[in-house]
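Asks: As a plain string of letters, each chain reads:
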Amino acid sequence: MSASLADLGYDDQEEQTVAAPLCGAEILLESLAREGVEVIFGLPGGANLPIYQHLPNSPIRHVLVRHEQGAAHMADGYARTSGRVGVCLATSGPGALNLITGLATAHFDSVPVVAITGQVATATIGTDAFQESDVIGSTLSVTKHSYQVHDARDLPAVVREAFHVARTGRPGAVLIDIPKDVQQQMVDGSESKIARLRPHRAPAFPDSRLLAEAAGHLARAQRPMILAGRGVAISGAEAALVQLAEACDAPVGTTLLGTGVFPTTHPLSLGLVGFMGTGYCNKAVSNCDCLVMVGMRADDRVTCRMDLFAPEAEHIIHVNIDPAELGKTVAADCQIAGDAREVMEALLEQTPPTARPEWRAAVSGWRRRHPLRHPHNGLLQPQEVLAACYRHRRADDVVVADVGLNQMWAATSWTGDSPGLFLNSGGAGTMGFALPAALGAQAARPEQRVFAICGEGGFVMTFQELATAIEAELPVKVVILNNGQLGMVRQFQDDFYGGVRSQVDHTVIPDFELLARAFGCFGRVARTLAEVEDALQEAVNYPGPALVDCRIDPEANIYPIVPFGKGLADFVECP
Amino acid sequence: MTAASRDTAFRSDSSDSRDVTRALRDPFIRLVRVRVEDRSGVLQRVTNCLGRRGLRLLSCSVGQNADPGTLSLWLQVEHGSQPADQVAKQLAKLIDVVSVEDLTGSHPLEWVTALVEIPAEADDPATAELLESCNAEVVRRDERSLLAALSGTPEVVEAALERLRQLPLVDWILSRPIGLGSGDPLSADQSSNTPREWR
Numbered sequence: 034m035s036a037s038l039a040d041l042g043y044d045d046q047e048e049q050t051v052a053a054p055l056c057g058a059e060i061l062l063e064s065l066a067r068e069g070v071e072v073i074f075g076l077p078g079g080a081n082l083p084i085y086q087h088l089p090n091s092p093i094r095h096v097l098v099r100h101e102q103g104a105a106h107m108a109d110g111y112a113r114t115s116g117r118v119g120v121c122l123a124t125s126g127p128g129a130l131n132l133i134t135g136l137a138t139a140h141f142d143s144v145p146v147v148a149i150t151g152q153v154a155t156a157t158i159g160t161d162a163f164q165e166s167d168v169i170g171s172t173l174s175v176t177k178h179s180y181q182v183h184d185a186r187d188l189p190a191v192v193r194e195a196f197h198v199a200r201t202g203r204p205g206a207v208l209i210d211i212p213k214d215v216q217q218q219m220v221d222g223s224e225s226k227i228a229r230l231r232p233h234r235a236p237a238f239p240d241s242r243l244l245a246e247a248a249g250h251l252a253r254a255q256r257p258m259i260l261a262g263r264g265v266a267i268s269g270a271e272a273a274l275v276q277l278a279e280a281c282d283a284p285v286g287t288t289l290l291g292t293g294v295f296p297t298t299h300p301l302s303l304g305l306v307g308f309m310g311t312g313y314c315n316k317a318v319s320n321c322d323c324l325v326m327v328g329m330r331a332d333d334r335v336t337c338r339m340d341l342f343a344p345e346a347e348h349i350i351h352v353n354i355d356p357a358e359l360g361k362t363v364a365a366d367c368q369i370a371g372d373a374r375e376v377m378e379a380l381l382e383q384t385p386p387t388a389r390p391e392w393r394a395a396v397s398g399w400r401r402r403h404p405l406r407h408p409h410n411g412l413l414q415p416q417e418v419l420a421a422c423y424r425h426r427r428a429d430d431v432v433v434a435d436v437g438l439n440q441m442w443a444a445t446s447w448t449g450d451s452p453g454l455f456l457n458s459g460g461a462g463t464m465g466f467a468l469p470a471a472l473g474a475q476a477a478r479p480e481q482r483v484f485a486i487c488g489e490g491g492f493v494m495t496f497q498e499l500a501t502a503i504e505a506e507l508p509v510k511v512v513i514l515n516n517g518q519l520g521m522v523r524q525f526q527d528d529f530y531g532g533v534r535s536q537v538d539h540t541v542i543p544d545f546e547l548l549a550r551a552f553g554c555f556g557r558v559a560r561t562l563a564e565v566e567d568a569l570q571e572a573v574n575y576p577g578p579a580l581v582d583c584r585i586d587p588e589a590n591i592y593p594i595v596p597f598g599k600g601l602a603d604f605v606e607c608p
Numbered sequence: 017m018t019a020a021s022r023d024t025a026f027r028s029d030s031s032d033s034r035d036v037t038r039a040l041r042d043p044f045i046r047l048v049r050v051r052v053e054d055r056s057g058v059l060q061r062v063t064n065c066l067g068r069r070g071l072r073l074l075s076c077s078v079g080q081n082a083d084p085g086t087l088s089l090w091l092q093v094e095h096g097s098q099p100a101d102q103v104a105k106q107l108a109k110l111i112d113v114v115s116v117e118d119l120t121g122s123h124p125l126e127w128v129t130a131l132v133e134i135p136a137e138a139d140d141p142a143t144a145e146l147l148e149s150c151n152a153e154v155v156r157r158d159e160r161s162l163l164a165a166l167s168g169t170p171e172v173v174e175a176a177l178e179r180l181r182q183l184p185l186v187d188w189i190l191s192r193p194i195g196l197g198s199g200d201p202l203s204a205d206q207s208s209n210t211p212r213e214w215r
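These protein sequence lines map, in sequence, to chains E and G.
By this note's numbering, the letter at position 300 of the first sequence is numbered 333, and the numbering carries on one by one without gaps.
By this note's numbering, the letter at position 60 of the second sequence is numbered 76, and the numbering carries on one by one without gaps.
The hints are simulated quantities; they were obtained by calculation from the structure and are not laboratory data.
Heads up, the beta-carbon is just placed ideally off N, CA and C, and yes, glycines get one too.
Check before you lean on any hint, since a few could be wrong.
[What the hints assert, rightly or not] Partial pick of chain G residues on the chain E-facing surface, computed with a CB cut under 10 Å:
#1 P43
#2 F44
#3 S56
#4 G57
#5 N64
#6 R68
#7 R69
#8 Q102
#9 I111
#10 T143
#11 R179
#12 Q182
#13 P184
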């Protein structure tokens, strides 16, 4: 089946430019440029060298990474920050397989990333050729779709469709695998073979009766509550969320990925929900009589014990653009498949402003009785470091958290009022995410500061990308919350596994200050809050990449926390 | 269905998946017709999609249909602890999937084919009588054995096959069902705005 270039979104002038004889690699690069690709994060190798041969002639910037996992995370960070599709490039075999963790991270969090992999020549596929791998089969579970291109004439259409699939509906990762001979195949533009562009399968706009039903539930509720996820940011529904919350007088909690979609300074903001959420947010979820979940999946980290999730709720309204998420974990009685902004704006039209002073008073009471607390034992506390870091953050600066205690401390301490500035690996929980993702975010927003918040355990998984930071002039500021151990695992062992500390202590830790300098970055160690303040000031003033190694209380934990097997209301607070 | 009742309904293992009629009576099994684009790797995507979600593919028949460029898949899928509608919803997300119909409970016509190989020494009038009573047709006969074919609904063919097993069969094979009939289409272009039972 075929379609015209116009069907694919190319105008006549662009169609003419395809006419000159080009090789597959050139067609690929032209197609990427047509999609507005500004930067590719990649690493050359045997099976993608034709692409690299022609890359210098392309207007697209290339950031040379030190490991392909870094390329995928950078494309991810770029996409989360820019709202555009991030692109990474790897060679065949191990190069392609090294992308998988990064693709899974992006796909899990609905981030549009297109990965391009070189493949061995068509004739050698399936022969266990050198650096051959079944990258299509290996990535089926971590991509929205994938393509192996067997004819260079298909490349314009494949690229077009891949970007379309990646960014529409529920965004995700897409892979294009291109054998080396296809990259070298000469094609006369006039014989371009164009497949049809498969349409985005947008959910139909929700039935008006369903919206009226949801609005009715909200209007009749005495204790409404809203939980918001990253889908709110993807659809640009932040303003509608604020308006709906204010109209209903409904407090708003956010998922880890939803951090920042509702202003933290708003009086209705309850912060993070779930396993390590704020006590007052979990109390509100456990006592509300009508719960709206919008742009979120409701995974086990949100719900904890399922049969104790929102036990007082007479109605649960679940809004998600992916119909498969509705009813998957929480059996909401009002399931609305649709775009978060469209649905909330429609609900807003049907929701009369209603003050609920008794409900607000109850929530305020929980806020007073269950504040976020941390110990004051004379040791440097991570919350103090983060508060200092956030003070050095300008309103539109980006923070990328890694995974573990650092992530939860960073999320629960978050003070931003603008959406899209707090990034983390929420679904996959990929340690080592922060530094490369921060580099991608920095590439997307060169005028802003980008902070990477890491533990020392996650940092050492991808720290080689400091070389990329220097080489590509991406001046990220790395803040290591160094407790000398795998802190979250240690806390779980202490609290839930009989107190047996097993394989959590890092007895060998690099001197991160020296390490930073070895790469050509600014580096500083801080052991007190005063040293942290000074080091952060120096780091943000330094024009290039900088690292501050903060030696925090090794016994610092995350609180509140909901013990395994318990409900949200059973959270344990800081002793 | 509440989460708690889903938990109690969890079944970690299934009974004999060789029983092709089980889908007609097992509440954990969905009967699904999927129309997919006829592209390389599409079956791998379908099976991976189900396996990734813990949905057990019991039966898959692949065939052409009236729409050129597409294939019809006739699937029996055990959903185990997952909500039943996840089978159709997850399949509908695949880019190569054109439409999904969950036909469970809608009584479409299902059809299977069986072949049996009977040794030549058992080729006698009694065998011929048994084959005739089972509506089995002899389709090939040589010095070694005779091959008979029978087709029909799964219940009829399974019952006939059970009777034919009285013979000293060399081998036999029973196809997985194909089918036709109306169901509740979950087109990949549509959302699923359907209220569910709550608590």
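Asks: Each of the hints needs a verdict: does it hold here or not?
Replies: Each hint tested on the structure:
Checking G:P43 against chain E: minimum C-beta separation of about 17 Å lies over 10 Å; hint violated. For G:F44, the interface hint is violated, since its Cβ never comes within 10 Å of a Cβ in chain E; the closest pair sits about 17 Å apart. Against a cut-off of 10 Å between C-beta atoms, the interface hint on G:S56 holds, since the closest Cβ of chain E lies about 8 Å away. Because the beta carbon of G:G57 sits about 6 Å from the nearest beta carbon in chain E, less than 10 Å, this interface hint is met.
Because the beta carbon of G:N64 sits about 4 Å from the nearest beta carbon in chain E, less than 10 Å, this interface hint is met. Hint on G:R68 holds. Least Cβ distance to chain E is approximately 5 Å, under the 10 Å limit. The interface hint given for G:R69 holds, since its Cβ lies 9 Å from the closest Cβ of chain E, which is under the 10 Å cut-off. Checking G:Q102 against chain E by beta carbon gives a least distance of about 6 Å; that is within 10 Å, so the hint holds.
Annotation: G:I111 was flagged as interfacial toward chain E, and the flag holds, the nearest CB pair being 4 Å apart, inside 10 Å. Hint on G:T143 is violated. Least Cβ distance to chain E is approximately 46 Å, over the 10 Å limit. Annotation: interface hint on G:R179 violated; nearest CB of chain E at approximately 43 Å, more than 10 Å. Taking 10 Å as the C-beta contact cut-off toward chain E, the hint placing G:Q182 at the interface is violated, the least distance being around 45 Å.
Hint status for G:P184: violated, given a least beta-carbon distance of 42 Å to chain E, over 10 Å.
Checked against the numbered hints above, the structure violates hints 1, 2, 10, 11, 12 and 13; every other hint is satisfied.
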